[in-house]
Every structure is written in C-alpha cells, then in structure tokens.
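Take a look at the letters that make up each chain.
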Amino acid sequence: MNRRDNPPSLRRIALSLVAVTAAALALTACGSSNQSADGTTAITLSMQNPDVKTADPATAAIVSAFEKANPKIKVTVSGEAVADHLQKLSIAAQSDTLPDIFWVYKSTAEDMSKAGKLLDLAPVLDELKLKDTFPASTIDNFSTGKTIYGVPYQGLLTGLWVNKKILADNGISMPASFDELVAAAKVLNGKGITTISNGANQSAFSVWSFLTDLDRYGFQDKVKGLLDGSVKYTNDDFLTLYTHIDELRHAGAFASNVSTQTYQQAVEQFTSGKAAFLDAGVWASSTIQSSAVAPDIAFWKGPEFSDGVGEQNIIMNVASAPFAVDHRVGNDPQKLDAVKKFLAFYYSDAAQQILVDNGQPPVTTYQPTVDATQQSALKAALDAATSKGVKSPQSQPDLLVPTPVANAMYDSIYGVIQGQLTPKAALELVQKALDANRQ
Amino acid sequence: MIWISTRWKLLLMLAPALVAFTMFVVYPVVYSGVFSFTRFQGFGDPKWIGLGNYAELFADPFFWQALQNTVVILVVSLAILIPTAFALALLLRRKIAGSGALRALIFGPAIIAPILVGLIWVFILDPKIGLLNRFLVTLGLPAVPWIGGDVLSPVSVSVVFIWSSVGFAMTIFYAGLQQLPSDVIEAASIDGSSSWQTLRYVTIPMMKETFAIVTILMITNIFKIFELVYMLTGGGPVHRSETLVSYMYFVTFTNQQYGYGMALAVVITVLGAVVSAGYLALSRRKEQAA
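Top line first, the protein sequences correspond to chains V and C. Numbers 1 to 439, taken from the working numbering, label the letters of the first sequence in order. Numbers 1001 to 1290, taken from the working numbering, label the letters of the second sequence in order.
Just so you know, these hints were derived from the structure itself, not from any lab. Quick caveat: nothing in here was measured; it's all calculated off a predicted structure. Hints are not guaranteed to be accurate.
Only pairs whose alpha carbons sit at most 30 Å apart, straight line, appear in this in silico DSBU-like list of lysine-lysine [to be verified]: (1) C:1047 to V:146; (2) V:114 to V:146; (3) C:1224 to V:432; (4) C:1128 to V:424.
Far from chain V by the CB rule (all over 10 Å, computed), these chain C residues [unchecked claim]: (5) 1034; (6) 1082; (7) 1087; (8) 1172; (9) 1180; (10) 1273.
In this text, a Cβ means the ideal position worked out from N, Cα and C, and glycines have one as well.
Throw the hints in and build the complete structure from the sequences for me.
Structure representation (structure tokens):
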C-alpha cells in the first residue's frame, strides 16, 4: 500500500479538531454570559482570604443577606491568601479578565486605575447618594483627581489589645506613655511573660501599632516629601521612634520566637493568657471574645511619646484596603445594575449592622448597636476609637506608599524588633526602597 | 499497509508534544527572560530598562544573602545526603530482617508534601515551642535559635531537606545497586578483595552514573527549595533565611516587582544549569583521567 493512502484520515482528524474547537468556543461563550435563562445576573467577588466563610464571616453574611434580598442576582465569592490573590489579580488585569468586584491594596488599585483597568466609581456613588455616608477622608483616600477607584471594604481600627488581668496580677497600672510601657515590659520580662505578642513569620505586615507610632512622629506630614524625595526616611524623628522600638526590645517586650511565630500564633499566645498585649486590630475581636481572656480585655490606642511630633492622642481608625470594580462592568448594563445594587446594599445600615454583628466596625457613619456583654471586645475597641479628644490619621502609613516601600517599612520595624537591624540600618532599608521607587 | 515512519508523519505525531512544550516551557522561559529587562508590575505597559534589574540585583544585599544561604544548603546537603543515602542503600541491600519495612520508613518523608514537612519541623525547631529546645532546656542547656536567626537557619533547612530527600536518593542508589553484575563482585571477592576494597574499587566506580543522576537531581531540588523556608521562617528575620527561590517569590508576588523577579529567576536558572553542568563536566573529566 502506498504511504500516501491516508489523507482521508487526516481530513477526518482535522474536521474533528474543528468540531471540538467550535464546541469549546460555544461552551466558553455560554460560560461568559452574564444573565442566565431565568433572568439571574451573576457577579463575581474576589477576596484576600482562602476561605471567606470562616476567615471573613462578615463579608459572607453580607453576601448571603444581599442574595436573599436580590434573588435575581447571584454573587460568586472566591478568595486566596493575600499574595496569591494579588498575583491572580495582576495576571487578570494583564489579560483584562478581572473579577467584577475585588479586594485590592490601595497602591495597586491606584496603578490599576491609571492603567484604565478600573471603573470610575464617582458617578455610581453620586447616583446611589453614598458619598455622604462615608467619612470625608475615606473618599479622599480612594481618589486620584476626580476619579474614585475604590470604596471601603472594612474599617481598619488598630491598636493594642490589653489583658488587664495580667497587668493587675503583676502590679502594673495601665500604661499611657511609652516610658510606662517600657517599665511594664521590664517587669513582665522578669516574670517570663511576653509583653507585646507579634508574629513575623508569613505575616511581616503585622506591625499595626508601630505604624500608628509613625504617625506620632509626623508621618502624615512627611509622606508627600518622602515620596517625592524632599524628605528622607532617615530623618531624626523616625530615628527617635526606631530607637524607642529598640528600647522595647532591650526591655524584653517581644516573644523570643517572634521571627518564627505567625500572626495566628501571636493571637493564640494572647488569647491563652501568655501575653499582656496583642498588636492587632478590631478584626481580632471575635476571636478574643470567644476566648477565656474576654472578660479582662481592653483596647489601647498605643503609647504617647514625650519626644513625639505633633498630635499624640491618635488612634488608627481608617478605611482598610478598598474594593475596586473592573472597568468592563461599565460596558454591561445588567452587570452594572447588579454591582450598583450590591454596593447600595453593602453600605446600607442593615449591612453595616451585619459587619458589627460579625465583630467589624462600620465603614459608614452609621451608629451601630453593640451588645455590651456579647461583644465586649468589639465595644472596647469602638469606645477607644470614639473616646473624647482622640483623633484618627487619614490613612495608615503603609497604605500611602507603594507596595515595595510598605514591605520595606514592615521589614524595618520587625528588623529592629528581632534585633537584626539597628535603628539606623532599618531607616536606610526603607530609604533605599523609596529611592528605588522614584527611579 | 500504513507506514508511520515517514518524516512528516513523525513530525505530525511529535507536534502535540512540541506545541505543549513550546507553550508551557519555551514560551514562559523566553517571556521571563524578556521581562527581566523591564520594570513591570504585572499589568499595564512594561518599561524597558535594559540591564537595570541585573545591576540592581548585584547591589541587593538580600540577593547575596539568599545566594549565600542557597550555597550553604547545597554544600551541607550534598556533603551529608549523598553519602548517607548511599550508605543506607548498601545497608538495606543486605538480607536483614525488616529491611523492606526500613526502606519504606526511610522513603516515607519523600512522599510528604514539602509544605507539611516544613510544618512538622517548625514544631521541632522553633526556638520557643520546639521539641528540640524544650529537650535542651530540660537538660539544663540553653535554647538554641535553630530557625529564626541568621546563622543556623540555612543549616536547619539543610537538615530538613536531607530528612525529606534521603529516602528518595536511597531508593535510586538501591535500584542502581540491584543492577550491578554480581559476577564482578564475586570475582573481586575470589581475588581476595576486602569488603571496603570491593566497595571502593568495584561498586562505587560502577555506580558513577547513578551518583551523577542523584547529585544532579539533588542540586536541582536544592535550587527549588521554597516551601521549607516559607513554613519554617517565612524567609525572615528580615530576609536573613531566604533562599534564591523564596526571595524571588517575595520580590515577584509580595513586592509585585515582576521585572526584578524575572531577573532573579533567570539568574537562578543559569546558576542551577551552571552548577549541574559543572558537576557533570568534573565527573566526566575524572572518568576520562581514570
């Protein structure tokens, strides 16, 4: 038989391939349809937690309530750990396949907005009359010019959780100043008790109280200059703060395994009564509430510094990283309508109360109802945030700088806490990241 | 009769594999190489900066720290793992009671996912809650920062890597030993060769190819160590315990500096290839000299 006898088979193969490809394309086309036969519109929500139901019950509860109130809209929630989530978003932004609504770092959202990947939410917020429901700083935080690229996801109320019983048992009064905190650390260290529970392993960002301390040394006033190069991170004010952090280390304030401990283990250390303070935020209130230390809990804005710069009576109570909306949503009227309904619901009083019921502060100006017994930890944090005379910066320092600079800031603080960097070397590390960012 | 050995039919049959290889290996490698010359944050337009990322890399102290740690892990692991795995294979080749069970036991860690291996060893090596330090403290000895410091962390990673890989290496050696012709060993024995002499002058020379395979596999695996570091220390404190791959992950995905991360990836690939090729060249030269 001639070797050329099989072209008909090849034709059959080629035809089969064409048929399979056509079928695949048809299936893909079906998959990308926004509205199903029964008129249901599907939107996607992508979060920074691998298991939203357990790690972020507030969002899961809001989505559930929204779907109940809007049976014709289906919200598909997905999530990964922060680094994986951001990686996925970068790839999706590059291929123009971003989820409809997604959590993202402020600096990344700004870059995406500049690249035209995000929907300008200004007209949406105007139409929904939502602008007035947010504190003014929230809108400013998520705006570039007249474009609003993000809306607040949850509140970022951070500080130090306090186990009052440990302090009382060791004859220590609740500290107010940094010197009193150092004195408390010396006493507690002498008795083998960790003063401030932190965990750097896989959670180098867990330095919230020290980020607030940066604001007690004038970070908000310096940030513009830091970014344009007219102010150095290696300035004397920040050197004073980092030297104070070093003093805390020398006083034995931190766990000996702070390098290998994760944030979750740090929380566990605190909730099991082995640490006097926990560097965290209001998101930890539910975990603390369900632990044995709940009756002894207070929330502290952090120490005031006698050599600080500017206002010392501050607490970090700002909007966290925002929700952003994919720009393609604007081209699809049904999807846009569904997203508008979702945002209107998310910032309604009912949804804000769901946030509070799940241990989160409201992100609007809504005054929540808090059960003083069942939610004593959350109430302690909210009371601290609204106590007389206390002010909040506009934003947390790391949210005002590009991601590599923010990571360098975390490294610099943990570097001093772990004794790996001198205060001067720590400042230089951040300055180097700032210099690289300007190139 | 249908002939399938014509050139175009062979090409047709190779095409799916070639297409897949090009799509999933060649294209990403070339793509990474090109992006290593850009400043790119993962979306938007990359900015061409020539050798800027490479210049930055060589001035980056964390890169040198990661390289140093990788070299420490490479040297410690190879120096201990290869002889240990070979010794275990020799031992378990003998017909001793329970050798099958022992082989399975030693191979066990090789089937545990590296992320779980890291998790297991955190509870052994952690300076505060780890079993090892608790044992030392019970004996009245001071606690040692096995992980979390900048000195012992790479050595500890090596130990964990050895623990998780020794069974795999042993299995390859064991298979190699099984393939040796028994008549040569017997002839050496009849000629009065001692066990050590048989091992030194007969067995090991005949196992050269197996040694090369195991060494190359281990070198490439060491250059890929990520999960162990991620679980044990997260690369900390302050990147002091990063390996090249874990630092590349940090730069690329945590810092979102894709261009810089790709430059690191290129350097890792080149280093891995150079070390492997260097080892092969060295072993061939020795073989030719013999």
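Status of each hint after checking the structure:
1. C:1047 to V:146: Roughly 27 Å separates the two Cα atoms, so the pair holds.
2. V:114 to V:146: Holds, at roughly 12 Å.
3. C:1224 to V:432: holds (28 Å)
4. C:1128 to V:424: holds (28 Å)
5. 1034: It holds; residue 1034 (chain C) is separated from chain V by about 14 Å at its closest Cβ, greater than 10 Å.
6. 1082: Answer for residue 1082 (chain C): holds, closest chain V Cβ roughly 29 Å.
7. 1087: holds (32 Å)
8. 1172: holds (33 Å)
9. 1180: Non-interface label stands for residue 1180 (chain C): nearest chain V Cβ at 45 Å, farther than 10 Å.
10. 1273: holds (26 Å)
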